[in-house]
Amino acid sequence: MPRVPTAEFPPELLKRLEALWGKPPNLYRLLANQPALVAAWTEFFNSVRHESRTPRALREIMILRAAQLVRSEYEWAQHLVMARKAGVREAQIAGLADWRASTEFDARERAALAIAEAVTACDMTDAVRAEARRHFSDAEYVELCLTAAAYAMVSRMIDALGVELDPQVRDYQPKFA
Numbered sequence: 175m176p177r178v179p180t181a182e183f184p185p186e187l188l189k190r191l192e193a194l195w196g197k198p199p200n201l202y203r204l205l206a207n208q209p210a211l212v213a214a215w216t217e218f219f220n221s222v223r224h225e226s227r228t229p230r231a232l233r234e235i236m237i238l239r240a241a242q243l244v245r246s247e248y249e250w251a252q253h254l255v256m257a258r259k260a261g262v263r264e265a266q267i268a269g270l271a272d273w274r275a276s277t278e279f280d281a282r283e284r285a286a287l288a289i290a291e292a293v294t295a296c297d298m299t300d301a302v303r304a305e306a307r308r309h310f311s312d313a314e315y316v317e318l319c320l321t322a323a324a325y326a327m328v329s330r331m332i333d334a335l336g337v338e339l340d341p342q343v344r345d346y347q348p349k350f351a
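For the sequence shown, our numbering begins at 175 and goes up steadily by one.
Careful: at least some of the hints might be erroneous.
[Said to hold, decoys possible] Across the chosen pairs, the derived CB separations fall in these ranges:
hint, residue 1, residue 2, range
1, L339, R303, 31 to 37 Å
2, R303, A334, 26 to 32 Å
3, A313, L339, 31 to 37 Å
4, Q208, S276, 38 to 44 Å
5, R274, P185, 44 to 50 Å
6, T180, R245, 22 to 28 Å
7, K259, E338, 20 to 26 Å
8, E192, A313, 20 to 26 Å
9, T180, A281, 42 to 48 Å
10, P209, A271, 21 to 27 Å
11, R344, A181, 29 to 35 Å
12, P185, A301, 46 to 52 Å
13, A193, T277, 38 to 44 Å
14, R284, E264, 30 to 36 Å
Worth flagging that the hints you see were computed from the coordinates, not collected in a lab. Please read these numbers as outputs of a predicted model, since none were measured by experiment. Built from N, CA and C at the ideal position, the CB exists for glycine as well.
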């Protein structure tokens, strides 16, 4: 049950949201209670999604792993669709909960998943950073850490607002660890 009511968007913001995402999902409809902040949120996440150098599929497996860790069904369902569209393989999706033992992930993907776990848990270690350094430039490392941190914030907002699943993503299979 949502903890705040859905709200209407100012016309210009609605136009921008529809241009970027199509029909605004439930999360945005609750965030609309504070139009200035949802406008800033929209532009920030548009940059994270579309102005990043690292492959979208790599970032999507990180987001899915973080959703598993925090048990965010909403985030999982939304990003499952995006991950598939970005080319994440079904075997990778199925193997995320046990990615360390899975043969579905290469060394670069493993390093990114370790970043996702460390950032989500607020526990970045020297070992995780050293392994990431083998695979990513400083700019890519910052980008991946920012992606993980941003989606940790998303899951916290989903929980705080009590966001319900959108109808178009209700038939998903959560793979929580």
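Status of the hints after comparison with the structure:
Separation of L339 from R303 is about 35 Å and conforms to the stated range, judged on CB atoms against 31 to 37 Å. Between R303 and A334 the C-beta distance comes to about 30 Å, which sits within the given range of 26 to 32 Å. For the hinted restraint 31 to 37 Å between A313 and L339, the CB-CB distance of approximately 35 Å keeps it satisfied. About 40 Å separates the C-beta atoms of Q208 and S276, a value consistent with the hinted range of 38 to 44 Å.
At about 49 Å, the beta-carbon gap between R274 and P185 stays in the expected band of 44 to 50 Å. At about 24 Å, the CB distance of T180 to R245 agrees with the hint of 22 to 28 Å. Taken as a hint, the range 20 to 26 Å holds for the pair K259 and E338, whose Cβ atoms sit roughly 23 Å apart. Checked against the hint of 20 to 26 Å, the C-beta distance between E192 and A313 comes to roughly 32 Å, which is inconsistent with it.
For T180 and A281, the Cβ-Cβ distance of about 44 Å falls inside the hinted range of 42 to 48 Å, so the restraint holds. Restraint check, P209 to A271: a C-beta distance of roughly 38 Å breaks the suggested window 21 to 27 Å. At about 23 Å, the CB distance of R344 to A181 disagrees with the hint of 29 to 35 Å. The hint said 46 to 52 Å for the Cβ distance between P185 and A301, and at roughly 50 Å that hint holds.
For the pair A193 and T277, the supplied restraint of 38 to 44 Å holds, since their beta-carbon distance comes to about 41 Å. Hint check: R284 to E264, Cβ distance near 19 Å, so the stated range 30 to 36 Å is violated.
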